[in-house]
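Chain order of the listed sequences is G and X. Each residue of the first sequence is one higher than the last, beginning at 1 in the working numbering. Each residue of the second sequence is one higher than the last, beginning at 1 in the working numbering.
It is worth saying that the hints were derived from the structure and are not from the lab. We put the CB at the ideal spot given by N, CA and C, even for glycine. Take the hints with a grain of salt, since some may be wrong.
Here are the computed distance ranges between Cβ atoms for each label pair [what the hints assert, rightly or not]:
1) X:Asp590 - G:Asp598: 38 to 48 Å
2) G:Tyr399 - X:Asn592: 47 to 57 Å
3) X:Val741 - G:Gln186: 42 to 52 Å
4) G:His534 - X:Asn743: 24 to 34 Å
5) G:Gln586 - X:Thr681: 12 to 22 Å
6) X:Ala285 - G:Val284: 50 to 60 Å
7) X:Gly687 - G:Ser27: 53 to 63 Å
8) G:Thr63 - X:Leu389: 29 to 39 Å
9) G:Asp598 - X:Leu389: 53 to 63 Å
Derived lysine-lysine pairs resembling DSSO-like cross-links, with alpha carbons at most 27 Å apart [as the list claims (entries may be wrong)]:
10) G:Lys674 - X:Lys694
11) X:Lys619 - G:Lys688
12) X:Lys688 - X:Lys678
13) G:Lys410 - X:Lys694
14) G:Lys410 - G:Lys694
15) X:Lys694 - G:Lys694
16) G:Lys694 - X:Lys674
17) G:Lys410 - G:Lys678
18) X:Lys688 - G:Lys410
19) G:Lys17 - G:Lys329
20) X:Lys619 - G:Lys410
21) X:Lys674 - G:Lys410
22) X:Lys674 - X:Lys319
23) G:Lys30 - G:Lys17
24) G:Lys694 - X:Lys619
As a plain string of letters, each chain reads:
There are 2 protein chains.
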Amino acid sequence: MIPATLVITVTAFIGLKWAALQFWLISRIKIEATTDAGDDEAEDPLLSDENNETTARLKEIYTAIYEGAESFLRAEYKVCLLFCSVFTVIIFVLVGWGAGWDMVKGALTAVSFLLGALTSMASGYLGMKVAVYSNVRTTISAAKPGWRDCFNTAFRAGAVMGFSLCGLGILVLYLTMLSYKLYFPQANWLALTECLTGFGLGGSVIAMFGRVGGGIYTKAADVGADLVGKVVHGIPEDDPRNPATIADNVGDNVGDVAGMGSDLFGSFAESTCAALVIGSSIGVASGWDAMVFPVLVSGVGIIVCLFASFIATDIWPVKKEAQVEMALKVQLIATTLLMIPAVYFTARWYLPSEFEIKSTVGSDTLTLHPWQAFLCVTMGAVGGLIIGLVTEYYTSHSYSPVREVANACKTGAATNMIYGIALGYKSAIIPVLVLAMVVYGSFSLCDMYGVSLAAIGFLANLATGLTIDVYGPVCDNAGGIAEMAELDPSVREKTDALDAAGNTTAAIGKGFAIGSAALVSLALFGAFVTRIRHSSNDALFEHGVNMLEPLTFAFGIIGGMIPFAFAAMTMKSVGLAAMEMVQEVQRQFDENPQLLDDNPSERPDYDACIAISTNASLKEMVPPGAMVIFTPLLTGIFFGVNAISGLLVGALIASIQLAISMSNSGGAWDNAKKYIEKQPTDSELGGKGSDIHKAAVVGDTVGDPFKDTSGPALNIVMKLMAVLSLVFADTFYAIHGGGGVFNLK
Amino acid sequence: MIPATLVITVTAFIGLKWAALQFWLISRIKIEATTDAGDDEAEDPLLSDENNETTARLKEIYTAIYEGAESFLRAEYKVCLLFCSVFTVIIFVLVGWGAGWDMVKGALTAVSFLLGALTSMASGYLGMKVAVYSNVRTTISAAKPGWRDCFNTAFRAGAVMGFSLCGLGILVLYLTMLSYKLYFPQANWLALTECLTGFGLGGSVIAMFGRVGGGIYTKAADVGADLVGKVVHGIPEDDPRNPATIADNVGDNVGDVAGMGSDLFGSFAESTCAALVIGSSIGVASGWDAMVFPVLVSGVGIIVCLFASFIATDIWPVKKEAQVEMALKVQLIATTLLMIPAVYFTARWYLPSEFEIKSTVGSDTLTLHPWQAFLCVTMGAVGGLIIGLVTEYYTSHSYSPVREVANACKTGAATNMIYGIALGYKSAIIPVLVLAMVVYGSFSLCDMYGVSLAAIGFLANLATGLTIDVYGPVCDNAGGIAEMAELDPSVREKTDALDAAGNTTAAIGKGFAIGSAALVSLALFGAFVTRIRHSSNDALFEHGVNMLEPLTFAFGIIGGMIPFAFAAMTMKSVGLAAMEMVQEVQRQFDENPQLLDDNPSERPDYDACIAISTNASLKEMVPPGAMVIFTPLLTGIFFGVNAISGLLVGALIASIQLAISMSNSGGAWDNAKKYIEKQPTDSELGGKGSDIHKAAVVGDTVGDPFKDTSGPALNIVMKLMAVLSLVFADTFYAIHGGGGVFNLK
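Bound conformation, chain G alone (with noise of 0.2 Å):
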């Protein structure tokens, strides 16, 4: 059998080689007309000498929007590695402290965490660079005829980032692991996992700065840029009158591409770290290769992902407008049955034939065999397809509950929010009856551990879950690029298209995202007991999270809480920066009323409403990815580990709900909205700029911050708090045998 070793770094290669390959023929395409282009370029119009206007209005467009991006990164991550480096020293500290003043294993995790947000920063910065590098690529092969070449441009540039950052984290993550081994010779890889789970933690950490602080860019610049379209009449959102729209595209690619990199990033390196983890004792009794059998299901995905991706760009190429969105679906779906066998035979060939593992509950041992670690992935799998797919339906506009939300636009915006936020609680009840499912179905199989394999299961297709997520802020860029630099209106059109289908399947992978993070959040709580359990040497936990003991009830309902304020503290931050940016808008108008001509002589002052964007992000991202990592580390250190099992449980119940219908009610508006421009404006609904089509605009701005803000950084929530406390639940049970500063039984 070929070595886990050779086999995780292999595929980790390949993903970065392919990776490369996708960039190298993005890049075949040349922004501006040369005489030694290949066919394609010659025949394009747009590249023509007539054209050189164009051209050079493209090349200005694509250097603000890099610039600006690029300058946003820089700022952000100055932030981030400030706080890291803080915290670097806190878990140094406490974790050495806490396993009683063994300062190597400090060391250990602190570096992990350094890796962890290295490599998840690493991962945000290449997203923006190969978005914002595709964006105007995908713009100039939409002005050719044909779909193919736009929709495979759009979809390799998701390919890049999905297979590089798949690669990436594979590779820092296990070279750490390896490096670490030298220092636990002795196979104690219970230490060694433990050391590792830093770099889960890291990672969250700034996959929560990341989406909180991208999400505030994107939506402050979209919010207050839709809502010029308010206060000076005729303005639409990306017309380069508009002093909001380049900060809007940048923002597409500093919130939508960088921060749902590291976002998923953190899923990847949270979920293998729990895995291990809660799977270290098979390490012991088995050997390594059976242990690493969670870092070889990403690998082994990587592979699986890499053929599927022929599907979509060249075996059913796109050839049009209707079969954009079936591409999608198919690559999705076709990955995941693909997982399905390779992950069986990853379990057969990798994991003995027979293995134990101790009950987090009680002290019974299980013996597992491979065809249960197997069905455990593949639950989490198919729970994550499915979800996927009833996040489609209720926020694609091809179904009724979407239609519903455009109809009740007739009756104004009081009614859209009405349905639309009814929508989106609705929309939560099939998911959590799929993992409610899943998790009883895993945890039966393989107690936590089985947990934590549904959770890689979710993940398993990530290189193409992230390829697709890419490929709407891609094309949605590209079409604002085509309105900026005023190409035909076609183009707009075609990559409006390509946007549509994008948004849709984005919200299937919505579906696994959410369905990993509350799986991860479980594990990783799992693990963090059966700690403290193992510490205590049984005096706590053995029967288990009482929910009955005061204080753990009394930590639920305030770790309930928790999301909601998380929701609250984003969201109020979009909507100050939003209204900040309305204001400068209509300063820049009231002072220099040219710029509204038809044909203005001068361009509005652009870098104003980004400095507004940088500035509000910058600050408002601090409080709440604060509260997120302090809440339980504040929580464990005065009032002990029931404290933070209660915190840990009302937290995971309430963020899985939120989240889930969050997402969904923005999905659903910004999709109605679609569907009533699609309309004729003579028919029922009015079409574009009816007085039904403002109130479905109420709609989607509402949603803006829902679906891309607060939403999605809610699964940040959940799993942070989890993670948090399984890295320093040594340090918590240290202080008075884990009752807590204060103490309380």
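Start from chain G and add chain X according to the hints.
Showing chain X alone in chain G's frame:
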């Protein structure tokens, strides 16, 4: 010492007598001018001979509202009775079977259930009658100079409801207890109180239907009437030309008064039942009087509220507008403070100096003293007051949060929505912390008995709370009547000011209601666990409720989903009915354009709108109610007691957050709109009719179902699920020893 039975019956009678006296005082205000009227009436210009037409119009409106409300309640109670008769049989059979074919137990539980349901309906009906009777009289009083008369009329209307409901509730509950005592002569108080829990369930089931049915009715009409202003410009909500106006006013009486009355009766019944069943062991050891301590507290509460009510009506009567809010607030605070010594002496006199309670988890027996019970009740009362004051801070336009929401209207409806939702989420923070402290404090002091006593404490000032809760809709309706009868605008302004103060203090009342609901649910949950534990001889739940049991956790997230699904269903029902309403109004105006004339010769078809609200609410109230009732029932039957315990934990955690945030978002939007209306038209906020005001109206409309349909009904969701589980505990245990039909471990 006076026997407890005497104290309880006498205080209940005093409550009823006092209510009768208040009613008599209201009835002295005549609608028609009479020659034998007192001084006040003789001076009243409204009732002079010149105003015969106005008098006739007032009577006409009064009759229309009365008939609408009466016929709706009849129809609603018919559905309720049908449901209850079926459910009585279910209880009789299932509870009897669960108790080992002890059909007497089944019968007694079924009878308690019916009595609870009937008392709840009687409370709602009574409230509606009093409110309708008093609305028009408040209008008449408001037409007179001075504030005292009209304030007192509305306040007395509230007092009729408050004191009669408390008196009736205590009386029926206590007489049921006394008659059951005849059947349980061997001091088998546990069995007696278990049978009595049916009373709480009955109260809750009707509360659910009353709140949801009434809530849909009133908000469909209200939202519909509001939206007419958008569809047909220039017609305010209460304009007599608005066909939805009578339905709107009927709705205030059946939803905000009758629905709320049933709701609070349910809270009272459940919290008392919870405390009695948990404290039944005290009765066995220390006698009947000690056991009925919770009922005594409620009885003493009536007397305290009675004395405190003189403050508002006589000691510091309201003389000007600015004093209205303060009068109501002082009333609530004074009652709460006066309750503290009253409870202290009740505890000292009626509880033995030392008594024992078995702990819910583990095998400890706690030795308690009266001061601990007193502290628990006090924590509840003070906690309720703090939550109430925080609620006021977040919903009154005297403070910055609502003003921020009003400012957000400047950039349109979207930012108003974002700010309002964020406000609601944020407003849950302090209440949840207070609740957590009360839970921890009372639980640590007296285990679950303490939690149930704290719940009683939250409701100790129920008579005053209800007085103020009813006061609001009475003033609101009085204003509606003034507008419909085309009285001088000053009358409407006066009732509006009274109503605004009522809105704020109603928010305080909601704080008590939510806090009590959370604690009652926890106490009922504790009682459920104890009962299963005893039935299983400690085989189940000996170590509490373990959230790491796969089934428990899986149902935990399902439980967390229930309140969201419930909110979705009820909100959508309101939206649907409101849209029907708007279409009906549009139809009337289309077919009969002269209805819109300034002095129309014809009245619109009010009855058509009433029919829409009635049909919508009867049709739509059943599915959400049935979901809440049958989810725990079927979960228990099919999946067993571990599943139920998870379900209850999840539902409780999610309901608390959602109930607080929905109620407060709604209240804030309403008052932000009122704040903008109070500004002059040349101010920054533009005043009534400006675009900013229109944006605020959108928020208010969305807030209507938030604060008056879904939000408050969520209190009932958590309590109902918990009390139902308790009533059927034996039944669930009887199926595979608590494993359910599927016998999952």
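We went through each hint and held it up to the structure:
| no. | hint | result |
| --- | --- | --- |
| 1 | X:Asp590 - G:Asp598: 38 to 48 Å | holds (40 Å) |
| 2 | G:Tyr399 - X:Asn592: 47 to 57 Å | violated (39 Å) |
| 3 | X:Val741 - G:Gln186: 42 to 52 Å | holds (51 Å) |
| 4 | G:His534 - X:Asn743: 24 to 34 Å | holds (32 Å) |
| 5 | G:Gln586 - X:Thr681: 12 to 22 Å | holds (21 Å) |
| 6 | X:Ala285 - G:Val284: 50 to 60 Å | holds (55 Å) |
| 7 | X:Gly687 - G:Ser27: 53 to 63 Å | holds (59 Å) |
| 8 | G:Thr63 - X:Leu389: 29 to 39 Å | violated (55 Å) |
| 9 | G:Asp598 - X:Leu389: 53 to 63 Å | holds (56 Å) |
| 10 | G:Lys674 - X:Lys694 | holds (24 Å) |
| 11 | X:Lys619 - G:Lys688 | violated (36 Å) |
| 12 | X:Lys688 - X:Lys678 | holds (8 Å) |
| 13 | G:Lys410 - X:Lys694 | holds (16 Å) |
| 14 | G:Lys410 - G:Lys694 | holds (10 Å) |
| 15 | X:Lys694 - G:Lys694 | holds (13 Å) |
| 16 | G:Lys694 - X:Lys674 | holds (24 Å) |
| 17 | G:Lys410 - G:Lys678 | holds (15 Å) |
| 18 | X:Lys688 - G:Lys410 | holds (24 Å) |
| 19 | G:Lys17 - G:Lys329 | holds (25 Å) |
| 20 | X:Lys619 - G:Lys410 | holds (23 Å) |
| 21 | X:Lys674 - G:Lys410 | holds (25 Å) |
| 22 | X:Lys674 - X:Lys319 | holds (23 Å) |
| 23 | G:Lys30 - G:Lys17 | holds (22 Å) |
| 24 | G:Lys694 - X:Lys619 | violated (32 Å) |
Hint compliance for this structure: hints 2, 8, 11, 24 are not met, and every other hint is.
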